[in-house]
Amino acid sequence: MNHPENDKWLDDALSNVIGSEKTEPNFDKWKQEYPEAVEMLTSRAARGPSASKSPLSIRKIIMKSPITKLAAAAVIVIAVFIGIEQFDTNSSSVVWADVAERFESVPFIKITIYLRDPSNKTKKIEIWKSEDSRVRAHEGNTVFFADISKHKNEFTIFDRSTKKLLNGDENLPTFIWELCSKEGRFSLDTLTKSFPSDVKGIIPLETADTAASNEIVLFRAKAKEIAPERLKIWALRKSKLPIRFFVRPEGGYMDLFFDYSEHKEAAFFDPVAFTNQ
Amino acid sequence: MNLNSETTLVEAAQNGHLESFGALYERYHSSMVALAYSMLADRDLAEDAAQDVFAIACRDIGSLKSKERFAAWLAGICRNVSKQMLRANKAKPVAVGDNPAAQKRDDTEDRREAIRRAVWSLREAERELIVMRYFDGFSQGQISEVLDISPQAVNGRLIRAKRKIAKYLKRNGLTGDDYEPS
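Chains W and L, in that order, give the protein sequences.
Note that our numbering numbers the first sequence so that position 52 is 605, with each residue one more than the last.
Note that our numbering numbers the second sequence so that position 68 is 78, with each residue one more than the last.
One or more of the hints may lead you astray.
[What the hints assert, rightly or not] Here are the in silico distance ranges between beta carbons for each label pair:
hint	chain 1	residue 1	chain 2	residue 2	range
1	L	S149	W	R655	45 to 55 Å
2	W	N767	L	G166	55 to 65 Å
3	W	N829	L	G166	38 to 48 Å
4	W	K575	L	A98	25 to 35 Å
5	W	Y813	L	A135	28 to 38 Å
6	L	R170	W	Q585	37 to 47 Å
7	W	T715	L	D158	52 to 62 Å
8	L	T18	W	N767	52 to 62 Å
9	L	G166	W	Q830	33 to 43 Å
10	L	G166	W	T675	43 to 53 Å
11	L	R170	W	G572	36 to 46 Å
[Unchecked claim] On the chain L side, residues computed to face chain W include the following (Cβ under 8 Å):
hint	residue
12	Q61
13	R69
14	G72
15	N90
16	K93
17	I125
18	W130
19	R133
20	E136
21	Y144
22	D146
23	S149
24	A163
25	R167
26	R181
Quick caveat, the hints were computed from the structure, so don't treat them as lab data.
Cβ coordinates follow ideal geometry from the N, Cα and C atoms, glycine included.
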């Protein structure tokens, strides 16, 4: 039996054992059994078209549900990286392109995001990326795992306390995926391709403090909906690595901290190891 | 797959259009029952799981960003629902060897049981493929869409899974020579 997969008897046997009566989907019956789900869906009509077709509005996005706020955070981060123009300035030897290039070359990284919405609730999100492009993220009691080197939006989500597998809410994993780029690496260029341009330029500013200015360069960005003083980026002058990113749209803020010192072992990024702990 | 039509349906459903969600329900109900059956090994429970899958999808469809991946997203929900049902002891992965009536089984039933056991001894990913292929005769394209793998990968994995089943059966003394369709 060299090629059993071609044997008709096996096909017949499998059809016979597994084969079943045709399923008969009955949507009307389903609607009666799940009126709450139906209500939730139809109530979306009253809220109007989904945000995907609307122009980016940071304030509007920040006002949404907690998980969507995370995606909003990504949009803001990404938007700031978009449409970056090189400003020639004599005031600093570090330009934004240097920072973007350096950022892409780091082998591992941890990003901590503090997000405050208009109701003054602060959310903390932590994201780690390993040398081999695995990603782990924590948000509240939820932990996310993804392998971005596979170029697929695949992820696993668990409750951190019970280690129970959770149903997929796509927002945060997509956020991570987009933040990490579709090419299995952290790239700011890739991000600029898929999001609308809200920010027109990021320019370095000199800080008043001479000592600080020797070590840190402060960037200011121009944005459609955010005043310059509400959007600041700090990078190390010598290494050219970004270390903090602060955006303060009306009614909330988002503060990101980049950490390049926290190396994690492979098991930290392994969902199986997590469940076996 | 008519991608445009499907993404339009998904988008309409995201905007609260119930009939569009109904069209998606009609389109994927059967594949969700098959997928759930591959884990639960019980037709009735698989039907229940599929109903729950669409309730969750109906509730959460707004969170789906990649509209073209609706089927794969639905499959992810289906796996989670089925696993939760298994954990809650509502189902056993496969009820082999613990059936009181087994002692009275004739040879045909023994063979069916052996085949069933062979299928449920496969890895989850292979079992999903085999069950989807033979449960309701889904095409390679349909399986590819739901399991989010290429049609070539479907074909390759299907061949490997069938080889494993044949090997298992041979080890247990069942070959094509013994097989008589019931």
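Hints versus structure:
| no. | hint | result |
| --- | --- | --- |
| 1 | L:S149 / W:R655: 45 to 55 Å | 49 Å, holds |
| 2 | W:N767 / L:G166: 55 to 65 Å | 59 Å, holds |
| 3 | W:N829 / L:G166: 38 to 48 Å | 30 Å, violated |
| 4 | W:K575 / L:A98: 25 to 35 Å | 28 Å, holds |
| 5 | W:Y813 / L:A135: 28 to 38 Å | 37 Å, holds |
| 6 | L:R170 / W:Q585: 37 to 47 Å | 43 Å, holds |
| 7 | W:T715 / L:D158: 52 to 62 Å | 27 Å, violated |
| 8 | L:T18 / W:N767: 52 to 62 Å | 57 Å, holds |
| 9 | L:G166 / W:Q830: 33 to 43 Å | 34 Å, holds |
| 10 | L:G166 / W:T675: 43 to 53 Å | 49 Å, holds |
| 11 | L:R170 / W:G572: 36 to 46 Å | 21 Å, violated |
| 12 | Q61 | 6 Å, holds |
| 13 | R69 | 5 Å, holds |
| 14 | G72 | 6 Å, holds |
| 15 | N90 | 5 Å, holds |
| 16 | K93 | 6 Å, holds |
| 17 | I125 | 5 Å, holds |
| 18 | W130 | 10 Å, violated |
| 19 | R133 | 14 Å, violated |
| 20 | E136 | 12 Å, violated |
| 21 | Y144 | 4 Å, holds |
| 22 | D146 | 7 Å, holds |
| 23 | S149 | 15 Å, violated |
| 24 | A163 | 12 Å, violated |
| 25 | R167 | 11 Å, violated |
| 26 | R181 | 12 Å, violated |
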